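Q: For the record, in the sequence shown the residue sitting at position 192 is 212 according to our numbering, with numbers rising by one throughout.
Keep in mind that the hints were calculated from the coordinates and are not lab data.
These numbers come from a predicted model, not from an experiment.
The beta-carbon is built from N, C-alpha and C at its ideal position, and this holds for glycine as well.
Wrong hints could be hidden among the right ones.
[Claimed, not checked] Lysine-lysine pairs mimicking PhoX-like chemistry, simulated, CA-CA at most 25 Å apart: (1) LYS200 to LYS234; (2) LYS200 to LYS111; (3) LYS200 to LYS38.
[Unchecked claim] Pair ranges (Cβ atoms, derived): (4) GLU63 to ASP209: 44 to 54 Å; (5) PRO54 to ASP267: 40 to 50 Å; (6) GLU290 to ASP68: 36 to 46 Å; (7) PRO272 to PHE121: 19 to 29 Å; (8) GLY242 to ASP68: 19 to 29 Å.
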Amino acid sequence: MYLTRHLTSYGPRWAVDKHCMAETFSLSLLLSIPAHQAESLIEALQIDRSAEGDLLAPVDAEQEIWASGVTYLRSREARMHESETKDIYDKVYSAQRPELFYKASGWRAMGHGQPIRVRADSQWNVPEPELTLVINRFGEIVGYCAGNDVSSRDIEGENPLYLPQAKVYDGSAAIGPGIKLCGAEAMQDLPITLSISRAGQVAFSGETSVNQMKRSLEELTGCLFQELSFPNGALLMTGTCLVPPDDFTLSPGDSVRVGVGELVLENPVES
């Protein structure tokens, strides 16, 4: 099953496999029940009418979006290179506890086709393509979408305590285009791609796989839910290893295309 959220003449509405859901359906409702009950709920609230309207970020205002860092070897190497305190990234890569940080509220997330931004006070900004888990209130992984954890590398590199400023600002979190409902076992070998276009030309591209991740999806989810409750569920970006070269920075007018499995999330870049 594939969930999407649309801007209709009646306001935001959810759809499954391109068919509208009842007005009473929400992601919060779906993520408030055990995973084995999800299909029955969707079938009960599905309407025999085709979905309409532009795509919105597949998230309700009530969900929090979190992110993981340094989960791939390439990410560790890139962070060590940019940072003035290099050893902390080496330590967290091999540590028992992963790096987890708050990224955005659901209402702040950008969807497919909506603009992402670069910070005005940063000179080195990059996209980070990431498998993004959709997790219910019980800590069960019930699906995924594509995510873009837009980051200001010079701000983070100047001081690790600046991480929230480097990661959390308007237009820094994009997810979509929808949610593929499935368990974690179906995500183990998903391909992840990144393509950045500038003036009609490809400025950077790369490809990797979820199977290159050091930590398991269940480990990251378990750590996030260990001491935090999410009554409306949560989304978790799982880190990246596709890093543009050090002389590259995003510019207004660029277009960023993130692929995770069969899902493709594309966003224009604005200032």
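Q: Each of the hints needs a verdict: does it hold here or not?
A: Status of the hints after comparison with the structure:
1. LYS200 to LYS234: holds, 23 Å
2. LYS200 to LYS111: Measuring from Cα to Cα gives roughly 34 Å; hence the hint is violated.
3. LYS200 to LYS38: holds, 12 Å
4. GLU63 to ASP209: 44 to 54 Å: Violated - the Cβ-Cβ distance for GLU63 and ASP209, about 29 Å, lies outside 44 to 54 Å.
5. PRO54 to ASP267: 40 to 50 Å: Given range 40 to 50 Å: holds, Cβ gap about 49 Å.
6. GLU290 to ASP68: 36 to 46 Å: holds, 39 Å
7. PRO272 to PHE121: 19 to 29 Å: holds, 26 Å
8. GLY242 to ASP68: 19 to 29 Å: Once the Cβ atoms are compared, 39 Å apart, the range 19 to 29 Å for ASP68 and GLY242 is violated.
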